[in-house]
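Based on the provided sequences and hints, a complete structural model is requested.
Residue numbers (my numbering), protein chains in the order written: chain Z, 1333 to 1447; chain R, 766 to 877.
Wrong hints could be hidden among the right ones.
[Said to hold, decoys possible] For lysine-lysine, the following BS3-like pairs were computed, each having C-alpha atoms within a straight-line distance of at most 25 Å:
{"id": "1", "chain 1": "R", "residue 1": "Lys-820", "chain 2": "R", "residue 2": "Lys-782"}
{"id": "2", "chain 1": "R", "residue 1": "Lys-768", "chain 2": "Z", "residue 2": "Lys-1389"}
{"id": "3", "chain 1": "Z", "residue 1": "Lys-1389", "chain 2": "R", "residue 2": "Lys-869"}
{"id": "4", "chain 1": "R", "residue 1": "Lys-822", "chain 2": "R", "residue 2": "Lys-869"}
{"id": "5", "chain 1": "R", "residue 1": "Lys-822", "chain 2": "R", "residue 2": "Lys-836"}
{"id": "6", "chain 1": "R", "residue 1": "Lys-836", "chain 2": "R", "residue 2": "Lys-824"}
Worth flagging that the hints you see were computed from the coordinates, not collected in a lab.
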Amino acid sequence: DTGVSQNPRHKITKRGQNVTFRCDPISEHNRLYWYRQTLGQGPEFLTYFQNEAQLEKSRLLSDRFSAERPKGSFSTLEIQRTEQGDSAMYLCASSPARTGGAEQYFGPGTRLTVT
Amino acid sequence: SQKIEQNSEALNIQEGKTATLTCNYTNYSPAYLQWYRQDPGRGPVFLLLIRENEKEKRKERLKVTFDTTLKQSLFHITASQPADSATYLCALDMRGNTPLVFGKGTRLSVIA
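So this is what it looks like as structure tokens:
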């Protein structure tokens, strides 16, 4: 399978714990995006990378959230001191350079439940 | 403020009919508009992209129109099938390589 993969698929954690998610994009895609989606809503942008550079972060992104893409390949999203409001589906997407960010290819998501 | 509306939260249609979904936006001037399909528990799947200078685009049973004067896109599925049942999301790209902004989606149910 050459699509976008995300791990883990599900994560249950207690409030206050730190969690880290991983995204492996399609190999030739230089752009990588993180989104958050709650029930009944569309995906909400969090941050994106072009190669290893983090080019934009949403104003809604708390300083408890951090993302990295150290070698321009896979990316990690860490949430520190999780809160119940962080419960959501976290989606990763990648897109090829030729589209300038259009035609994003999404992974299956990581569903986070904070208890 | 910027706003995207997909005017039906849910749409039920009979198999074989044409489904028409609407996406309206305000205070945007998108370079292009995209439609995605999302099944429960899965990530969105890209379907079609239409640019600001295009009026219509087709792909198999799918057709998208884009009216930048009305600030509206229509998404049509002809000869709908129960397998077309899913949530359909529209997404706008703002100029300058900024990230996509998604609507809330319309949940389509095609009834056999």
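Now the hints, each set against the structure:
At most 25 Å may separate the alpha-carbon atoms for a hinted pair to count; R/Lys-820 and R/Lys-782 meet this at roughly 23 Å. For the hint linking R/Lys-768 to Z/Lys-1389, the alpha-carbon distance of about 20 Å falls within 25 Å, and the restraint holds. Between the alpha carbons of Z/Lys-1389 and R/Lys-869 the distance comes to roughly 21 Å, so the proposed pair stays at or under 25 Å and holds. For the proposed pair R/Lys-822 and R/Lys-869, the alpha carbon gap of about 22 Å is at most 25 Å, so the pair holds.
At roughly 16 Å between alpha-carbon atoms, R/Lys-822 and R/Lys-836 fall within 25 Å of each other, so this suggested pair holds. With a C-alpha separation of about 22 Å, the suggested pairing of R/Lys-836 with R/Lys-824 holds against the 25 Å cut-off.
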